[in-house]
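Residue numbers (my numbering), protein chains in the order written: chain A, 15 to 476; chain B, 15 to 476.
These aren't lab readings, by the way, just hints derived from the structure by calculation.
For clarity, every value in this text was computed on a predicted model and none was experimentally measured.
There could be a bad hint or two in this list.
Since the list gives no way to pick one copy over another, a pair counts as held whenever it fits inside one copy or between any two copies.
[As the list claims (entries may be wrong)] No more than 35 Å apart at the CA atoms, straight line, and that leaves these computed lysine-lysine pairs for DSBU-like: (1) 330 - 364; (2) 421 - 162; (3) 421 - 364; (4) 330 - 162; (5) 330 - 421.
Number of protein chains: 2
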Amino acid sequence: MRSEEHRVAALDYAREHRAEHLEILLDYVARPSISTQNIGVAECAVHSASLLRSAGCTARIIESDGYPIVLGEMVAGPDAPTVLLYGHYDVQPPEPLEAWTSPPFEPEVRDGRVFGRGVADNKGQHLAHILAIKAYNETAGATLLNVKVLLEGEEESGSPHLDDFVRAHRDLLSCDLVITSDGGADPSGRPLVSFGVRGMLGLELEARGAAMDLHSGRFGNIAPDPAMDLVDLLASMRDPDGRIVIEGFHDDVREPTPGELELAANVPYDAHAFARELGLAEPYVNDTLAYARGVMFEPTMTINGIASGHTGEGAKSIIASHALVRLEFRLVVDQEPALILEAVRAHVAKHAPHVEVRYEGAMAPSRSSAEMPAARLIIDEVRAASGREPVVTPSAGGSLPGYVWTKTLGVPSVLVPYANHDENNHSPNENLTLDAFYGGIETSIYLLAALAQGEWRLPTEP
Amino acid sequence: MRSEEHRVAALDYAREHRAEHLEILLDYVARPSISTQNIGVAECAVHSASLLRSAGCTARIIESDGYPIVLGEMVAGPDAPTVLLYGHYDVQPPEPLEAWTSPPFEPEVRDGRVFGRGVADNKGQHLAHILAIKAYNETAGATLLNVKVLLEGEEESGSPHLDDFVRAHRDLLSCDLVITSDGGADPSGRPLVSFGVRGMLGLELEARGAAMDLHSGRFGNIAPDPAMDLVDLLASMRDPDGRIVIEGFHDDVREPTPGELELAANVPYDAHAFARELGLAEPYVNDTLAYARGVMFEPTMTINGIASGHTGEGAKSIIASHALVRLEFRLVVDQEPALILEAVRAHVAKHAPHVEVRYEGAMAPSRSSAEMPAARLIIDEVRAASGREPVVTPSAGGSLPGYVWTKTLGVPSVLVPYANHDENNHSPNENLTLDAFYGGIETSIYLLAALAQGEWRLPTEP
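Based on the sequences and whatever the hints tell you, model everything.
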């Protein structure tokens with residue numbers, strides 16, 4: 015039987031079992047697994063492994079220094095190509111709970127969407143991979159290539175142990191390509207294929223003043239104002255145009271290639287539609303290339319949160335005793351988080367030496383070539399599966415631990431998101447459309463069939 | 015009988031009746047009168063009036079647009095000087111209740127202090143005035159000068175109706191001098207005489223971005239970051255040395271006179287002791303004059319509170335949809351809150367037009383001459399009554415509605431605090447030492463005797 019026939023059989027299977035697949039998804043989402051709050055993660059790993067087993071994979075739960083790694087495997091043969099599918103079974107915290115229409119861990123289908131924390135980020139997406147494998151297993155008895163499925167439980171905590179794990183298990187994880195399905199489709203509704211991710215550096219900065227809150231009248235001007243100290247410090251990190259001016263920050267930023275720039279210039283961007291969707295009165299970025307550069311090739315500095323003093327009901331005339339900001343940098347290749355951390359520390363030491371800098375996690379950026387043979391193959395299959403022209407981006411704006419594949423393991427890594435773009439990941443009312451979920455399973459079926467032909471493999475480095 | 019003999023008789027009376035005076039104080043403090051929570055205020059006004067009547071005053075309760083004004087009066091004669099004693103019968107909210115050693119409205123005497131909400135701020139202080147009047151009434155049959163006692167019930171709400179009231183009752187309130195006993199003695203323990211207060215302008219600034227929190231990876235650089243907008247805006251209001259650079263902000267700042275500077279240079283300030291008390295590793299301001307200038311003659315810009323995004327447990331990679339700051343300016347003569355508000359609005363309109371500015375209340379600054387004859391008289395009497403050299407300050411750092419006397423009514427206003435400096439006003443375990451209470455009554459007796467001599471009166475403006 016040719017690969018195409020296997021694909022058709024698997025597709026038929028998937029279409030016939032949609033109701034069952036939805037039940038599997040709802041059950042999976044109903045299991046809280048909040049890594050940053052230590053809720054239900056290890057329990058969920060056991061369930062993720064059972065899902066892999068029910069798809070015909072061997073599966074094991076491998077302890078790491080953090081939450082366990084779940085590794086599923088289906089072997090086609092020693093000469094077949096090997097693809098590693100990466101996902102994560104942990105989810106974001108659900109707060110604020112009152113903003114959810116239905117409870118985050120009681121998934122509900124409404125208006126063609128499944129609502130629930132983690133349904134899109136990332137349970138529904140790696141489940142689509144698993145269910146595609148299951149479709150081949152149920153129809154052809156196995157996939158036509160070697161498949162490894164690696165699910166981690168610390169992605170929402172910044173994957174602090176994944177790199178060490180990969181380093182320690184190179185043979186176990188050896189493969190020709192890594193595919194990650196995470197994040198959403200292009201806002202135009204067209205599917206997305208992305209060849210990179212930004213990196214990330216998360217920091218907590220804390221300024222302290224007096225040991226207690228002070229009366230702002232009696233002590234204004236004659237005691238430190240930690241909130242103002244943080245404001246001054248944050249402002250000193252950027253110039254009036256918003257460009258980051260921390261010394262050395264831009265040293266390793268890699269300029270995009272002409273090919274990458276061309277891809278970037280062709281991403282669909284309707285400034286007014288984008289503004290409307292975000293609820294903005296007018297566009298924040300007007301032209302496509304500026305938009306694409308901003309999200310793909312340029313680092314960011316963002317305030318995830320800032321808090322000091324009293325902003326609740328009733329005025330309080332105080333100078334707060336301390337102020338805290340959660341500061342986040344998104345990094346682009348070839349910025350090294352460790353070097354950026356050093357640069358930030360040096361900046362703080364110079365401008366506000368009393369401010370404490372606490373490291374909260376980091377991830378290196380990653381970018382694979384959008385012009386390698388596997389790239390063309392994946393783009394073609396996504397087009398075929400979805401019936402729509404994929405948006406191809408050299409990099410996504412978000413961060414995933416792509417560097418553990420590209421840098422540590424030394425294989426190309428491609429991002430093929432399955433979620434709808436309005437998935438509200440990291441927000442209340444996270445959701446995955448049924449179309450995205452079922453479509454994701456079918457895209458996986460296409461990809462697994464096409465990748466079984468090995469011509470796309472890159473030569474192994476000597 | 016000469017004024018001095020009257021004073022001695024009144025002092026004797028006050029000393030003989032200390033136990034009774036303490037009972038009156040305990041009963042007064044036991045009556046909650048929380049203006050910001052609408053608890054017991056009008057009922058307390060009735061009791062305040064009865065206290066005035068039992069001191070021999072005529073007393074009436076005058077309705078205003080807010081809580082009533084209690085006005086007591088004792089007439090000596092048309093040629094005698096007139097002093098108006100200002101206080102407030104409303105108190106701060108008692109929360110957090112669990113932090114109190116004894117319940118806030120069940121006053122208790124411990125270790126030579128009366129503990130209870132409002133005992134120092136301000137019931138015990140204006141009661142000292144009333145009991146001094148009573149002492150003259152019981153011994154001499156009346157005070158030797160005309161006394162008006164004005165007690166309001168909205169000081170802890172920012173005295174929103176006092177200025178209108180004074181404007182509407184100029185004749186009723188006509189006087190030569192206003193004395194306010196509120197706040198605490200100098201931290202050194204020496205009594206304080208202060209000739210001014212800073213004004214205040216409270217604002218709430220809110221920046222809005224997208225309609226929802228956004229994923230900071232996907233949207234970093236291509237969507238607004240309201241928290242960063244606020245940081246930039248706040249930073250734009252000050253230069254690198256912390257000086258406020260809002261256009262027009264300093265236009266009306268009155269330079270201190272040489273006499274005021276001399277007083278300022280002589281306030282007790284031990285930089286290291288001050289730092290220790292605040293829990294600072296090292297002094298924030300080193301020399302006395304800089305300290306005094308900062309707290310008396312210079313306006314402030316303080317962050318009472320700032321909040322955006324997530325700073326609770328667990329990291330959240332978001333760009334928040336909005337950010338809020340409670341910004342407070344303390345103003346010095348002759349800054350006009352309305353003009354400062356306009357200047358801030360103009361600055362925001364120029365630098366961050368999308369940021370909303372909400373007015374949260376204001377109070378004009380006020381300063382009377384520390385070199386007028388009444389000033390010397392009051393300083394001398396406070397010294398004589400307390401046996402300690404008063405700390406004389408041209409201005410306090412905090413804000414009280416002194417401008418209604420100096421600007422609206424056009425008479426000098428002097429602050430003579432009776433409370434111990436560690437009174438914990440606005441905090442749990444508010445307290446007034448028995449020494450401060452009895453001493454306050456005696457200081458009032460000294461002041462009323464000395465002010466009966468009219469040579470200190472300033473010529474009425476034509």
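Evaluation of the provided hints:
no., hint, result
1, 330 - 364, "both (32 Å within a copy, 28 Å between copies)"
2, 421 - 162, "within (19 Å within a copy, 81 Å between copies)"
3, 421 - 364, "within (32 Å within a copy, 47 Å between copies)"
4, 330 - 162, "between (57 Å within a copy, 30 Å between copies)"
5, 330 - 421, "between (51 Å within a copy, 26 Å between copies)"
Consistency note: the structure conflicts with none of the earlier hints.
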